[in-house]
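K.L.:
Counting in full-length UniProt numbering, the final residue of the sequence shown is number 684, and the numbers go up one at a time with none missing.
Fair warning: there could be bad hints in the mix.
Claimed, not checked - Below, in silico cross-link-like pairs of lysine to any residue (SDA-like), each with a Cα-Cα straight-line distance of 20 Å or less:
id, residue 1, residue 2
1, Lys386, Leu397
2, Lys503, Leu465
3, Lys378, Pro550
4, Lys305, Pro222
5, Lys225, Lys418
6, Lys337, Pro353
7, Lys190, Ile89
8, Lys547, Leu479
9, Lys426, Tyr660
10, Lys337, Lys503
These aren't lab readings, by the way, just hints derived from the structure by calculation.
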Amino acid sequence: IENAAFETPSLGRQRSWSPARSGANARARGRARSPSPSDLDFEEGPCGWGGWTPEALQLCNNPEGYLAVYSLLATFQGIVVNGLVNISISTIEKRYELNSSLAGLISASYDISFCMLSLFVSFFGERGHKPRWLAFSAFMLGLGSLVFCLPHFSVGKYHYGAKPEDTCQAPEAMSANVTCNASTKSSHHKYMYVFILGQLLLGVGGTPLYTLGTAFIDDSVPKHKSSLYIGIAYAMSLLGPAIGYVAGGQLLNVYIDIQIPERQDTTYTKVDQDDPRWLGAWWIGFLACFFAIWLLIIPFSMFPKHLPGTAKIQAEKISETHDDGSEALVHIKNIGKNFKDFPISLLILLRNPVLMCLIIASSSEALVTTGFATFLPKFIENQFGKTSSFSATLGGLVLVPAAVLGQVISGTLVSKCKMNLRSIIKFMISTCSVALLLNTVFLFAKCRNEPFAGVSETYNGTGTLHNLTAPCNANCGCLRSMYYPVCGRDRVQYFSPCFAGCKSYLVDSNMTKIYQNCSCIGEPKRENGSEDFLFEAISGKCPTQCKFLPLFLTIFFFAVVFTFMAVTPTTVAILRCVPHKQRSFALGVQLVFLRLLGTIPGPILFGVSIDSSCTLWDIDECETKGACWVYDNERVVYLLMGMSAACKIITIIFVVLAVYFYKPPPLNKALSPKDAEMVSAVHT
Numbered sequence: 001i002e003n004a005a006f007e008t009p010s011l012g013r014q015r016s017w018s019p020a021r022s023g024a025n026a027r028a029r030g031r032a033r034s035p036s037p038s039d040l041d042f043e044e045g046p047c048g049w050g051g052w053t054p055e056a057l058q059l060c061n062n063p064e065g066y067l068a069v070y071s072l073l074a075t076f077q078g079i080v081v082n083g084l085v086n087i088s089i090s091t092i093e094k095r096y097e098l099n100s101s102l103a104g105l106i107s108a109s110y111d112i113s114f115c116m117l118s119l120f121v122s123f124f125g126e127r128g129h130k131p132r133w134l135a136f137s138a139f140m141l142g143l144g145s146l147v148f149c150l151p152h153f154s155v156g157k158y159h160y161g162a163k164p165e166d167t168c169q170a171p172e173a174m175s176a177n178v179t180c181n182a183s184t185k186s187s188h189h190k191y192m193y194v195f196i197l198g199q200l201l202l203g204v205g206g207t208p209l210y211t212l213g214t215a216f217i218d219d220s221v222p223k224h225k226s227s228l229y230i231g232i233a234y235a236m237s238l239l240g241p242a243i244g245y246v247a248g249g250q251l252l253n254v255y256i257d258i259q260i261p262e263r264q265d266t267t268y269t270k271v272d273q274d275d276p277r278w279l280g281a282w283w284i285g286f287l288a289c290f291f292a293i294w295l296l297i298i299p300f301s302m303f304p305k306h307l308p309g310t311a312k313i314q315a316e317k318i319s320e321t322h323d324d325g326s327e328a329l330v331h332i333k334n335i336g337k338n339f340k341d342f343p344i345s346l347l348i349l350l351r352n353p354v355l356m357c358l359i360i361a362s363s364s365e366a367l368v369t370t371g372f373a374t375f376l377p378k379f380i381e382n383q384f385g386k387t388s389s390f391s392a393t394l395g396g397l398v399l400v401p402a403a404v405l406g407q408v409i410s411g412t413l414v415s416k417c418k419m420n421l422r423s424i425i426k427f428m429i430s431t432c433s434v435a436l437l438l439n440t441v442f443l444f445a446k447c448r449n450e451p452f453a454g455v456s457e458t459y460n461g462t463g464t465l466h467n468l469t470a471p472c473n474a475n476c477g478c479l480r481s482m483y484y485p486v487c488g489r490d491r492v493q494y495f496s497p498c499f500a501g502c503k504s505y506l507v508d509s510n511m512t513k514i515y516q517n518c519s520c521i522g523e524p525k526r527e528n529g530s531e532d533f534l535f536e537a538i539s540g541k542c543p544t545q546c547k548f549l550p551l552f553l554t555i556f557f558f559a560v561v562f563t564f565m566a567v568t569p570t571t572v573a574i575l576r577c578v579p580h581k582q583r584s585f586a587l588g589v590q591l592v593f594l595r596l597l598g599t600i601p602g603p604i605l606f607g608v609s610i611d612s613s614c615t616l617w618d619i620d621e622c623e624t625k626g627a628c629w630v631y632d633n634e635r636v637v638y639l640l641m642g643m644s645a646a647c648k649i650i651t652i653i654f655v656v657l658a659v660y661f662y663k664p665p666p667l668n669k670a671l672s673p674k675d676a677e678m679v680s681a682v683h684t
């Protein structure tokens with residue numbers, strides 16, 4: 001191994017910038033860790049452009065500087081993709097007259113683009129200049145944000161129509177307000193293709209971020225610190241959706257065209273935020289992110305191919321690759337250098353049982369986490385009788401901090417304890433098991449449905465169940481397409497003031513509508529005989545009698561913490577169980593499976609399961625079934641607990657199998673990547 005024939009050529013060809021490199025090389029030779037021809041891969045250099053490398057920029061030419069810029073890009077990517085898009089999609093549906101299936105296609109376009117490109121980008125980028133790939137990522141993310149908001153500037157001003165009446169009127173008056181326009185073709189639906197293009201571009205930009213970007217972190221820091229850096233980066237990426245939801249929600253309080261028209265027609269009234277015709281300025285966030293993300297192209301383009309000290313760090317790492325012969329095969333055959341190696345590289349990874357078990361386990365976790373991220377606000381809204389905005393806020397306050405805390409805690413523990421691969425996988429088993437036990441929190445969220453006229457009970461003994469029409473509102477001409485729930489003084493909820501038979505209303509000092517002359521509302525239910533009611537019905541749902549919300553949120557918070565404590569260790573385990581030159585490619589394979597088995601079907605399966613418990617559907621003026629208004633709360637609880645428990649059990653099974661299948665390399669094979677490549681050079 002110390003034969004000088006293998007030292008001289010490599011020393012002459014090695015490209016290094018760090019002034020301490022010569023001393024490091026001497027010490028490496030003293031430890032029988034000689035440089036090899038593969039040192040060409042570690043092109044360390046200064047931070048800057050070409051020959052312009054000011055001393056001030058070198059303060060950022062380290063893992064901490066890269067982590068800061070990477071975290072910013074990951075945060076903005078989360079703001080746009082998982083924040084602004086999700087919170088704006090309902091407004092886009094209304095503005096461009098798209099149905100839910102087309103809106104779903106827009107949302108899925110990101111994952112489609114991501115899956116199509118993830119394998120190729122991670123395969124070709126492994127040997128490339130990773131920071132420049134991330135500069136390309138920032139360019140595409142910014143371009144996607146710009147394209148996504150372009151329809152606003154070309155569609156023209158928003159013209160809202162007349163506000164429909166929600167009180168009891170003559171049938172002919174109600175039918176005049178709302179008619180079926182199923183045959184009318186919208187001129188705005190063509191903008192759907194622009195939104196899809198924007199999502200495809202965002203998918204292209206997101207692909208290098210979580211494959212090459214993560215691998216670059218692992219390249220640049222010692223093995224025991226890798227989990228900490230990756231945990232911090234992933235935690236920052238989770239802040240993006242929270243910021244996107246908060247900022248996007250505030251922007252929706254701004255009128256879509258900034259300035260509200262004073263009057264459009266003598267028959268039209270001025271809209272406010274409580275008006276169903278109101279549309280918010282969804283596009284401002286995308287435009288702001290376009291400028292912010294493109295600014296990040298500058299720092300990424302200044303980083304060298306490898307940070308100073310990378311070669312030394314890689315020389316000191318000991319391989320923990322699963323001992324199935326893949327490490328030697330990749331090094332001896334130099335697999336991954338050309339496109340013709342793509343099939344065999346993919347086959348090597350697919351035949352790695354440890355990797356595939358970890359991928360299936362993480363996909364199962366992704367299915368349940370994306371399902372809850374999508375439907376937790378709806379669950380809180382229906383179980384505990386909260387408003388949709390308040391439920392979304394509560395959901396964000398629980399999910400985001402808990403996920404961030406879980407990522408940071410697990411990354412810190414793995415780093416401080418200097419866990420090897422087998423210990424990391426066992427740690428994942430323990431966190432998943434605790435999360436499974438905490439899954440029983442749904443038993444504390446089992447709240448009965450509040451009385452609902454025409455759904456769970458009749459109209460004071462008249463009418464029939466599952467029929468909103470009764471003798472008391474038969475002459476009102478009420479429409480199922482106008483859902484404005486009101487709570488009667490009898491503590492029964494009604495579908496709308498019209499179905500409650502209310503003929504008039506007034507607005508109090510708190511801008512709350514108080515309805516009067518309601519023919520369907522019975523006498524108030526007095527508990528102590530001293531309660532006086534100054535109204536017959538008020539807008540909004542009836543307050544729930546269920547008091548378990550604080551307990552549910554507390555336990556669910558810790559369930560999310562332990563769930564996300566497995567995310568960073570999974571990434572670190574995947575990076576360690578595959579050959580060194582296939583780490584980025586392995587992350588690409590994981591993300592493809594994660595999308596196909598987790599994030600794409602997760603919301604769909606959860607949505608289908610929850611809809612199966614619906615007791616009152618939205619029926620529009622064309623008699624088309626829409627969203628669900630009322631769910632069977634008890635059935636929803638058992639469905640969610642069952643699906644969550646099933647996913648957790650699948651995760652635990654495959655993580656246990658990963659421990660079972662894992663074979664660490666023997667001591668004589670556990671070489672650093674440089675040593676392994678030198679040995680392969682001897683064989684060839």
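K.L.:
Starting from the hint list further up, note which numbers the structure goes against and sort them upward.
P.N.:
2, 6, 8 and 10
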